[in-house]
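Could you slot chain Y onto chain L? The hints should help.
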Amino acid sequence: MRRKISYAKKRELPLHLMLLPGVAFVLLFAYVPMGGVSIAFQNFLPLRGLFNQDWNGLENFRYIFSMPNIWQVVWNTLFIAVMKIIAGLVVPITFALLLNEVKNVVFKRTTQTIIYFPYFLSWIILSGILIDILSPSAGIVNQFLGLFGVSPIYFLGENSWFPFTMVASDVWKTFGFSTIIYLAAITSIDPSLYEAAAVDGAGRWKQTWHITLPGMQMIIVLLMVLSLGNVLDAGFDQIFNLYSPQVYASGDIIDTMVYRMGLQQAQFGPSTAVGLLKSLVSFILISTSYLIAYRVFNYRLF
Amino acid sequence: MYTTETRGSRLFKVFNFIFLTCVSAACLIPFIHILALSLSDNAAVMAGQVKLWPVRWTVEPYLYVLEKQPFWRAFGITIQRVVLGTLLNMFLVILLAYPLSKGKHKFSKRMLYVWFFFLTMLFNGGLIPSYILMKELGLMDTIWVLVLPGAVNIFNLLLMLNFFRQIPDEMEDAANIDGAGHWRTLWQIYVPMSTPAIATITLFFIVGHWNAWFDGLIYMNRASNYPLQSYLQTVVLQFNFQTMSPTEAERLARLNDRSIKGAQMIVAAIPILIVYPFLQKYFVSGIRLGSVKG
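Listed in order, the protein sequences are those of chains L and Y. Numbering follows the working numbering, with no gaps: position 37 of the first sequence is 37. Counting from 1 along the second sequence, just add 1000 to a position and that's the residue number in the working numbering.
Just chain L, same shape as in the assembly (with noise of 0.2 angstroms):
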């Protein structure tokens, strides 16, 4: 019995061995920072270096709810953030069910290839399109709006336009992605049950509404549940980039506020604990997603 204990022991060795590296990164650059949070209760003066700074207890965190826009802010980030959520499941899934009407191979391909070629491209070439495109006085969105008799709208400019032209860019640029997920679910439903509704005198409206979409839901559901840990990501490097002093009023989000504090104001402090209420709420959202899809799907992650 020993020897069997020590043999299995032994033979765990070199998996141990295997995981260090990783480990010791993991180790340094995710949690270390973790320690870094207590600058949201310090007075953090970079100059005076890590172990020297001054406690002031919960001050930064009176100064950020002292702030007349944070609530604005905090707005903005839900509103865009659930916008996108609900556009992320809708444009995909309408898209992934005309697309399997398609019988042509070459077309549907063709198209599939098409939608979900921005998904791999940076913001930052999206965003120099996109400010290209919709300028008002040159962008050829505004031209061709034109012809309309529409007179130029200021897409990113305006207050009234800005957070729907982040949620409409962002589906372009992730919902040919989304809709290969959904049409991979699609594909994988029993053939047998559409020849089944077919005799049964079934339609095409039917066998969509009674077959296609309950065989898509338990991933549409378990997609649904794991984007609430999103809610609190309006997408930084989407609108760091196409946002500015004009619109913060409906673009400014607390990713962003926390870079300007941070980055650019240097209020080390204050900036921490914004991004330190973010993380807690993000923890118990995302806590709480995937709990709910272990419990409900026995989703694994690992």
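Quick caveat, the hints were computed from the structure, so don't treat them as lab data. Every residue, glycine too, gets a C-beta built ideally from N, C-alpha and C. Each hint should be verified, as a subset may be incorrect.
To be verified - If you want the footprint, here are the derived chain Y segments under chain L, 3+ residues with CB under 8 angstroms:
id: 1; stretch: 1028-1035
id: 2; stretch: 1102-1115
id: 3; stretch: 1211-1219
What the hints assert, rightly or not - Here are the computed distance ranges between Cβ atoms for each label pair:
id: 4; chain 1: L; residue 1: 102; chain 2: Y; residue 2: 1196; range: 22 to 30 angstroms
id: 5; chain 1: Y; residue 1: 1072; chain 2: L; residue 2: 105; range: 38 to 46 angstroms
id: 6; chain 1: Y; residue 1: 1141; chain 2: L; residue 2: 50; range: 15 to 23 angstroms
id: 7; chain 1: Y; residue 1: 1176; chain 2: L; residue 2: 43; range: 52 to 60 angstroms
id: 8; chain 1: Y; residue 1: 1170; chain 2: L; residue 2: 79; range: 50 to 58 angstroms
id: 9; chain 1: Y; residue 1: 1104; chain 2: L; residue 2: 24; range: 22 to 30 angstroms
id: 10; chain 1: L; residue 1: 159; chain 2: Y; residue 2: 1221; range: 30 to 38 angstroms
id: 11; chain 1: L; residue 1: 288; chain 2: Y; residue 2: 1103; range: 24 to 32 angstroms
id: 12; chain 1: Y; residue 1: 1026; chain 2: L; residue 2: 291; range: 35 to 43 angstroms
id: 13; chain 1: Y; residue 1: 1193; chain 2: L; residue 2: 11; range: 19 to 27 angstroms
id: 14; chain 1: Y; residue 1: 1222; chain 2: L; residue 2: 221; range: 43 to 51 angstroms
id: 15; chain 1: L; residue 1: 75; chain 2: Y; residue 2: 1180; range: 56 to 64 angstroms
id: 16; chain 1: L; residue 1: 159; chain 2: Y; residue 2: 1193; range: 53 to 61 angstroms
Just chain Y, lined up with the frame of chain L:
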């Protein structure tokens, strides 16, 4: 689906076809327009004549980019980060996925490690603590700041891990009986058996490194250390006349700013275009393999 052809279904087919074509066109037109701009004469761009096809062809914007040293220096830094970063990423992802793919009976401490990695998906220290850490480590303005912090990518680790799981346990047991330890089993059996997964994940890492811009922007104090996307962020998105040399300014008088920006974006997108067919090939299997397995 199985139905008989009715008039309604034929009508639907036509409308579906038109609708899907329009949406695809709408997705593609912005790129075509930018490409047309980058190949058009200044006057034509100024007059707003350029739509989807270049007007009075010129490659001058591309010649301008070709001669632009900061662009190619940034390009080189990105190549460096892609090579170093992807090598390190792949090495670690393979090394981590193997032990974590083992069941509890083979690796008793597995859950401990799983939680260690899982926690980083739930909580992070945020921007400022990470920034200060890089500063304290003296990594600012080095290539390593673009490579080391993201060395372990949990999403791709999950992909690799799920692929390793599909390899039957008997393979390892057989290798074990033949006297191979875990190291040899990993490199001589698991890795060769996983080439599709390794190809997929390598591509994901390459694209990820190619597209990354924020780390370069904040961790590099000198603009001469920017990788390509960070460089583009500053020249394409926050264009500044003051940073231009006189010759550049003179050239700009002949060239259109929109064409030059367009040309730079196109050149920066070419590598993605090159790997795109391969991405596509492995893409769906990659998704099925990992992220969503319901």
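Okay, the hints, checked on the actual structure:
no., hint, verdict
1, 1028-1035, "holds (count 6)"
2, 1102-1115, "holds (count 7)"
3, 1211-1219, "holds (count 5)"
4, 102/L x 1196/Y: 22 to 30 angstroms, "holds (27 angstroms)"
5, 1072/Y x 105/L: 38 to 46 angstroms, "holds (42 angstroms)"
6, 1141/Y x 50/L: 15 to 23 angstroms, "holds (20 angstroms)"
7, 1176/Y x 43/L: 52 to 60 angstroms, "holds (59 angstroms)"
8, 1170/Y x 79/L: 50 to 58 angstroms, "holds (54 angstroms)"
9, 1104/Y x 24/L: 22 to 30 angstroms, "holds (24 angstroms)"
10, 159/L x 1221/Y: 30 to 38 angstroms, "holds (34 angstroms)"
11, 288/L x 1103/Y: 24 to 32 angstroms, "holds (28 angstroms)"
12, 1026/Y x 291/L: 35 to 43 angstroms, "holds (39 angstroms)"
13, 1193/Y x 11/L: 19 to 27 angstroms, "holds (21 angstroms)"
14, 1222/Y x 221/L: 43 to 51 angstroms, "holds (49 angstroms)"
15, 75/L x 1180/Y: 56 to 64 angstroms, "holds (59 angstroms)"
16, 159/L x 1193/Y: 53 to 61 angstroms, "holds (55 angstroms)"
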